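K.L.:
Sequence:
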Amino acid sequence: MVHVHDPRVRWSVRSAQVARIISARESFTPPVDMLAALGGVPRERAARRRVVVVRRAGGEEVAVLAAGPIDVGDVDPANVLPLPALLAGSAPNVAGIVVAPDASLSLLLELSPVPGSEDSRVW
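Quick note, the sequence shown lines up with residues 3 to 125 if you use the working numbering.
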């Protein structure tokens, strides 16, 4: 998995879905700030240094803002927990919670469009 240690909240995506990691200047499109799309506070422009380019079903690539350090590592499937049923419906782009070896938590993001979203590029 690719883990982004964003100061707002840590998030992860499955490495099989990551096409590449580039600087924001190399990005082919303005990156999506996933945490802001999920209702979080947007990052200041100066923090936009890297972008994780993720491939959605169908091959479409989406540039996602990585506003913090990035690392790549294996995760035991037993350490990927499902969202509690109460939260699952309210966060359709969060597939689960990843428990790291140091017991820290990370949101596992899925790459699917938000139902009813006007901009189909926002997950």
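Calculated directly from the structure, the hints in this document are not laboratory data.
Treat the hints with care, as some may be off.
Said to hold, decoys possible - Computed beta-carbon distance windows for the label pairs: (1) N81 / F30: 20 to 26 Å; (2) V101 / I23: 21 to 27 Å; (3) F30 / A87: 34 to 40 Å; (4) R27 / P84: 16 to 22 Å; (5) G60 / A80: 26 to 32 Å; (6) D78 / R22: 23 to 29 Å; (7) S25 / A87: 26 to 32 Å; (8) E28 / E62: 17 to 23 Å; (9) A87 / S29: 23 to 29 Å; (10) I72 / A93: 20 to 26 Å.
Quick caveat: nothing in here was measured; it's all calculated off a predicted structure.
Quick reminder that beta carbons are idealized off the backbone N, C-alpha and C, glycines included.
K.L.:
Indicate, hint by hint, whether the structure satisfies it.
P.N.:
Hint-by-hint comparison with the structure:
no.	hint	result
1	N81 / F30: 20 to 26 Å	violated (33 Å)
2	V101 / I23: 21 to 27 Å	holds (23 Å)
3	F30 / A87: 34 to 40 Å	holds (38 Å)
4	R27 / P84: 16 to 22 Å	violated (37 Å)
5	G60 / A80: 26 to 32 Å	holds (30 Å)
6	D78 / R22: 23 to 29 Å	holds (26 Å)
7	S25 / A87: 26 to 32 Å	violated (40 Å)
8	E28 / E62: 17 to 23 Å	holds (18 Å)
9	A87 / S29: 23 to 29 Å	violated (36 Å)
10	I72 / A93: 20 to 26 Å	holds (22 Å)
When each numbered hint is compared with the structure, violations occur for hints 1, 4, 7 and 9.
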